[in-house]
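Protein chains in written order, with the numbering used here: chain A, 1 to 783; chain B, 1001 to 1323.
Hints listed in this document are in silico derivations from the structure and should not be mistaken for laboratory results. Incorrect hints may have been included.
[Said to hold, decoys possible] Derived pair list, reagent style BS3-like, types lysine-lysine, alpha-carbon separation capped at 30 Å:
id: 1; chain 1: A; residue 1: 325; chain 2: B; residue 2: 1268
id: 2; chain 1: B; residue 1: 1049; chain 2: A; residue 2: 325
id: 3; chain 1: A; residue 1: 214; chain 2: A; residue 2: 228
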Amino acid sequence: MSKVSEILNSMEYGPAPETSQPAIDWINEHHGKFGVFLGGSWHSTETFYTSYCPANGNALAQIAQCGSKEVDAAVSSARSAQKDWLALGGEGRSRFLYAIARQIQKHSRLFAVLETLDNGKPIRETRDIDIPLVARHFYYHAGWARLMDSEFPNYESVGVCGQIIPWNFPLLMLCWKIAPALAMGNTVILKPAEFTSLTALLFAEICEQIGLPKGVVNIVTGDGETGKLIVNNPGIDKIAFTGSTDVGRILRKATAGTPKKLSLELGGKSPFVIFEDADLDSAVEGLVDAIWFNQGQVCCAGSRLLVQEGVAEQVYKKIRQRMDKLRVGDPLDKAVDIGAIVDKVQLDRIDELVKQGVAEGAEIDQPTCNFPAGGWYYPPTLLTGVEPASTVAQIEIFGPVLVAMTFRTPAEAVALANNTVYGLASSVWTQNLDIAHDIAAQIKAGTVWVNCSNQFDASVGFGGYRESGYGREGGREGLFEYLQWKTPTTSAKKPPEIKPTKSESNDLDRTHKMFIGGKQARPDGAYSISLNLTPGGVAEVSQGNRKDIRNAVEAADNAALGWANTASFTRAQILYYFAENLEAASTQLKNALTQRGHSEKQAQEELEQAVERVLHYAAWADKYEGTVHQVPMRGLVYTRNEPLGPVGVIAPSDSPLLGFLSSTLPLIAMGNTVVVVPSEHNPLPAVELYRVIEASDFPTGVWNIVTGFQAELEKTIAEHDGLQGVWHFGTAEGGSLTQAASIGNLKQTWCQLGKTIDWTTTPDQEWLRRATQVKNVWVPYGA
Amino acid sequence: MASTETRAHPHTRNPGIPLDLDAVESITVNRSATERRAATLPGRRTVKKDWQAAWLLRAIQCIDLTTLSGDDTPGNVHRLCAKARNPVNTEILAKLGVDPITVGAVCVYHQYVEDCVRNLEGSGIPVAAVSTGFPAGLSPFRERIHEIKASVAAGASEIDIVITRAHVLKGDWQALYGEMQQFREACGEAHVKAILATGELGTLTNVARASVVCMQAGADFIKTSTGKEPVNATIPVGLVMTRMIRNYQQQTGWKVGFKPAGGIRTAKQSLDFLIMMKEELGDAWLSPSLFRLGASTLLSDIERQLEHFITGRYSAYNRHAMG
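Bound-form chain A, shown alone:
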């Protein structure tokens, strides 16, 4: 029987190999050995390591292991290039970004094949998804380069950026980092992941070809040690990192107290929620895109299936059938769905976690697969009978492994979806508009895909909530990571001394408690701080301790959801009313200011400005709106500017009334609840606010004010896992400590590190941006 006859009987798919020859030729042109690209030219290093092809385990190339010499050289060339790069102007930078985009398109297949060789992901994905997205990203940011000056007048370039990217989307992560950085006038030192450096090196050649000014892009290869050198290099102004949450914590700690900006895009355990009214066949196909895309080695993989109980068995059956159709094998085969796992280390980890899941009682489904010899492969896997308490339901597996659980009601779906330390992405499947938008609003994640999964576009910011990191990549929202806010600073006024003098006042003794959960509360420790007063005499304020902070955070947490869901118009009205009451309390407030050194005139001015500030945020409360992104898709991608949740504030010591309110109100206006520690140097105006707050209809727990020594309380605040953010306007040491101590739950920190803000300046939108986090909701539609 002829071969064609045989196939006509079997109707099998045959091999459909994409040739790797052009990529191999390119590697051979370099004699299989790559130096480091810095200052616009190639340099050799002392040591090299081998990069392997995951599909067959063969050595691909020798990659330079960069040390401090190379990193220092890269930083200094990036530094010297930055000024001219910025001076080139938006139009000039735009032309270079455009040229990069064009070059990537012109050499798209070489990039795709090289990426597949190096990473092990199927050629379909590199060819149809990764590389087109890369080109789109550069085009999109070529546009932003031109618009920087007009659109971001209150911001400037950051300077030199150190960027560390993972191995799962080597070139895509490179462009997410480099495109916005270059557009906004920065220069970069980028370190690709040690497993996957090749496309970054090909990219460097493109930078050479188009004549990108020397030193604007530096590609420094190496392992974690090289990364460390970048992170700790004092010549770098910003660190951008995509990778694991554990490394994210290390970076936060390492950069604490330095002027380095930091953005982190970390791990996830993203929920994939199927409601009973969903198009189940399409939902199952969505799962293929969610968890069997890139072998499941995707930070935003929909790895946690939550399915409504009534349709669970039906869905599981469909998933099993679909898994049987998945083709695992040589990633260079055009008809392969699942390629190779990037490295044996990862393969072992996946295997170990799945075994643990089974040992903990999960039922496992895996289709029979014939893997090519030599490579690192893992079959698509479904684990059912998994409980939220199971290890596999909590830990990011980073492999083609789906864990499944059921829910009964929309509320339970949300509760399960949010029962995680992560918050990167989520997917919601329903044909019901009401359910879709309601659930999208409630899931704590930076991205919600309604009836789709793993959709990306340059115009849409991507990034996490909670321990999935902070900062966004893509869209207007992503540009701020590569812009430095022009902080309106002023020289610090020396706060008044605390030393008590003997009381000579005949006034009735006053008890200044704290304000927690809508009530005036005595301090847990039963100590007071004595403050000497200008006309003479002493005021005593409560000295809060860590238990008071605990109570305050609990109150703030209890109030968070309600306040976030309070209509912004209502929040505005409450703030207007607060302004009214503030003015009515002017005598006490002015008194509180003059008692600690303000002149009558200064007190009057500060009070007037304070009232104005409240009105300012009352005005903004219902106007800081989301946008609709223009993605190349029939549908909407809308942004929700959501509050962070409960936030700690270490208030400034200057302008004790205006500073206190200015550092707190943007949070409250945007729907956050706060735990504020006023400066111990003059907490009296804050203390006087209790009654004003009480009179102004704020729900219980929106404001929590704990007086005491900031240096004692800021650590408890920074470490508290119930807080989603900290704004720190205290001392430089305190700010540094706060950043380092924030790593427990990776809360967002905004620390001035001793900079004193000019509180008399009318605040711009940076304050609102800092008080919110962007959630992007993708809603494709079609009748």
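Following the hints, complete the assembly by docking chain B onto the known chain A.
The following block gives chain B in isolation, referenced to the frame of chain A:
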């Protein structure tokens, strides 16, 4: 008569089930997600070289070679029958090392059924008749039933009926079910293909629901289009219909066939549909018993591709016999 012959493409017929309205009305199809799957499907699978040649031969075996024009005459219908018997140049087949093959069926108006049956005698190729007031399906109901019976009497072993689109657009599933049941009954031993005219149903959800109702009423095949609607066989529509076939099989155990028709002109399109069948339904649906491609000019393009496979040179239409 069909009943006395061994069928060319035997398969156990779907007897239908009582109308299950809950099953019908609970179906919703998400258009964007369906289109996304449809768009990526051809990028996820491909067949090359010998595999492509074999798959193209299979596509030919599944073709319902069709002429449905107002200007059909015995002359061009005879030509079509000749092509149906020998769809591929014997020299090409010999080089491929494949025994002679035929198309799946010939599909004509009632007027030419007898002619075709005579012409195709001994070939084993069934004759399919479009029926029931094709393409609009709006002639008096009794005449539609009569038309089916007349075609069966004339020797048609497959009847391609058109449904009343109004029943779908009004959500009158009972009426659609009743109509389909009576059409099937009128077909007797002849197999019935239900043409949904998907281009006129407005939504993919309607396509899905109409598919299910027709299967419940006993359709042997569900078919996308008459070829006369503005939009005919598309992959998204095919995806919805094949998924409904899969669900119906899982629910009842009966296998129903699928026939995309209209607008399928290239070899690549025919491979896309075959890949979709393999992916969504499985290998059982890669045979003319459960899969047909309604087409007229498709065959010429496939022949050109086969010749290219053998010679390595790109071929031209004039090198292959007209159908």
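Violations among the numbered hints, reported as their numbers in ascending order
none
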